[in-house]
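Build the full structure now, drawing on both the sequences and the hints.
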Amino acid sequence: MTQALVNVPAKAKRGEAIEIKTLISHPMETGYRHDTNGQPIPRDIIHTFVARYNGEEVFRADLHPAIAANPFITFFTVATESGVIELTWTQDHRDPVTQTANITVE
Amino acid sequence: MTSVVICFLISTSFAAEIPQDERRSGTAFMTRETQAMQEDDRANPGMLAVLDGEALWKDAPPGAKACAGCHGEAATSMKGVAARYPTFDEARGRPIDLEQRINLCRTEHQHAPAFTWETRELNAITAYVANQSRGMPITAGTDERSRPFVEAGRALFNKRQGQLDLSCAQCHDDNWGKRLAGSVIPQAHPTGYPEYRLEWQSTGSLQRRLRSCVFGVRAEPLGYGAPEQVDLELYLMWRARGMPLETPAVRP
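Chains as they are written, first to last, in our numbering: chain S, 3 to 108; chain X, 10 to 261.
What the hints contain is simulated information worked out from the structure, not anything from laboratory work.
Ideal Cβ positions, reconstructed from N, Cα and C, are used throughout, including at glycine.
One should not assume that every hint holds.
One-sided and incomplete, this derived list gives chain X residues near chain S with beta-carbon spacing under 8 angstroms [unchecked claim]: (1) Arg-51; (2) Leu-57; (3) Gln-170.
Listed below in structure tokens is the structure:
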């Protein structure tokens, strides 16, 4: 199953503000619903999203049960040097997921 | 001059069908933000289903060929296919929709169990196939053999039903553009299915959409795959003939 669509510009000018978009495939089950047999459906959400640029944290978000399924997270950061942007989300029940993208800064 | 006026009166007395040049996709009734989400493949959550479908296309069930094993590159073999579904099926003597066609390949050509209606799998593979026709004009229902089924679908569209005693046409032909509580009533063109509905928080089929409108007038929804349901899909596609496919559309 597709885990996410990550959009990081491949190239940028030094000092430029760049937009990073992440669309994550995730049920974001609130934990407050019941199934058709009346059994509670356990909470299953992404609770933390962190972006690192060459190892340095540049963005962090806490997510809560009121966020819709398949969250779309976008933020801006400043292109400083060529390297790797690493996006990690931590979730209930499963291992954290990390996706990376390379960026060339001229 | 008189004959033109009379023709017009007769055609409106049957049903106030929307003139061809006034037809608008559901996209036109959405907010700028939702339109932008649909237009950007990196923000459109329906693309998650399309990508899942691409993986299924290449995935061979045990002891059988993958879809790709027979059909090769979907970009060429499936281009334009969704624009002419539902289509008349020789063996069954009636139209079948794209989901049914895909499931026939599952059972007859892959000897695998059919995908259950409205599952992630069926919506994903259908979205992937339909995405290959994005931008192409709808042609379904324009052939002679489909004619009686288009008419059957039209009759359903114009039939009042449910505790609210409303027909599809009363909302979608007569009152499109007006509001029903918080929602704008669109013209009901099925241009973007399977589509991502923000309300559903998932990708869903046209049949699911039709069932929820039927439920809305407090009538008994038709079963998934019921012949009447496919006739209704066919009529809607014929009614949208010439309009470009948008799969995966995003809707509120």
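Quick rundown of the hints versus the structure:
1. Arg-51: With Cβ-Cβ at 4 angstroms, under 8 angstroms, it holds.
2. Leu-57: holds (5 angstroms)
3. Gln-170: Cβ of X/Gln-170 sits 26 angstroms from chain S, so the hint is violated.
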